[in-house]
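Trainee: When you get a sec, could you build the whole thing from the sequences and use the hints?
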Amino acid sequence: MVPITATTDDLELDALIVGSGFGGVYQLKRLRDRGFNVKLVEAGSDFGGVWCVIKQVSLATPLLTMLAYPGCRVDIPVPLYEFSDPELWTDWTWQQKFPGSTELRSYFEYVAKKWDLRKDTIFNSMVSSATWHETSARWHIRTSNGDVFKTQFFLPNTGFAAKRHIPDWKGIDTFKATFIHPSYWSKEEPDLKGKKIAVIGTGSTGIQLAQALAPLASEFYLFQRTPNMCNPMGQEDCTGGKDPTNDRYALYAGRKDSYGGVDFNFLPKATFEDNEEERKQTYESLWAEGDFHYWLAGYHDTLFSDLANTEAYNFWKAKEKFAPEIKPHAFGCKRVSLENGFYELFDKPNVHLIDVKDDPIEEITSTGIKTAKESFDLDFVVCATGYDAITGGIIDMNISGEKGVKLNEKWRDGVKTYLGLSVSSFPNM
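Mapping of the sequence shown onto the numbering used here: residues -8 to 420, in sequence order.
These are calculated hints, taken from the structure and not from any lab test. Honestly, I wouldn't trust all of these hints.
[Claimed, not checked] Straight-line distance between alpha carbons at most 30 Å, and here's what the computed DSS-like set of lysine-lysine pairs gives:
hint: 1; residue 1: K167; residue 2: K141
hint: 2; residue 1: K104; residue 2: K141
hint: 3; residue 1: K186; residue 2: K167
hint: 4; residue 1: K339; residue 2: K167
hint: 5; residue 1: K178; residue 2: K161
hint: 6; residue 1: K308; residue 2: K260
hint: 7; residue 1: K339; residue 2: K318
hint: 8; residue 1: K361; residue 2: K339
hint: 9; residue 1: K186; residue 2: K361
Mentor: If you want it as structure tokens, here you go:
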């Protein structure tokens, strides 16, 4: 289906929203309901933000998606990972507790129909410049397809994954097989069965890719800088009476008081108020629960006391045979990833872990990856090295505020905002 796009006959707006993920879509709904004249522009070709499809660059270029790589899914369970509008509850049923990218795209299509979003959305359109005009007190915003919007409010909802990060290793362009960032995964699934595959990176994306690709590969290599302190996901199908979306009102009310914005909270006692056996029982119970319970539903001092944190790490270390003896950083102070059989992969003879702190990547060759100690011949390399998560998407829009000050100059020495929502010298943004 080719998504319907809004027309741009009326370019005078109260607000222009950039990005059609959860934030942008919700702003469009709320502002329209309050009578504002508002449009949304989206670089992709449908709703969903990081879950949506990117425009086809040319006939010779395969259609690319943002988050559609094998194993890609959320790490927040439904219904916490959905809109809280009761209008959307009646006709939608989730298939899994932790939905994958395909189900997320279907959900956004459902939301777009229920909220009638397409009439005010322009797809396949990237902001090329946004300039504040002091005389009219309005933003003048140009897009890649020639539209010019004049608007009182400029509302970027570009998220954290609008701009990917790929290290500048020597020789990437010489590799004769496939070298790809996971956000560029082809909609036409490549045939990887029996191939020599490498994944670089062990963040949440690297973990998910490893779980999906290692069983396909003849040889699988995972290049790791920092061990990921994964917790078990606890995936479930939402069938046979296991629908987790019952009693949403109570769930949504409770998450406002939760440390992590979820439907559970820390225990009302400190780690060493329990004896050793009681602590073990508590940790085992949290571990069996899955999800983020071991991270965010344990003793209330876990993230605030080094001794308590080490106690939690030691239990985790005993669960995972690849855990470092000495914790590389405080447990839970870096976002925890959720896994489904990740550690069991390393019981297989074709799965190999390369520690790039001990054996760093020196270059990409025509046939694979060369480290300081070894060379690896490969058919397929996935560079799961993350995103320019703070400034990438918003800086790329070429934003100029009061007196012509550029946002990239304003943030040259670091990002400074008010409450993470506004920037001085950039009114109504």
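Trainee: In ascending order, which of the hints set out earlier in this document are inconsistent with the structure?
Mentor: 1
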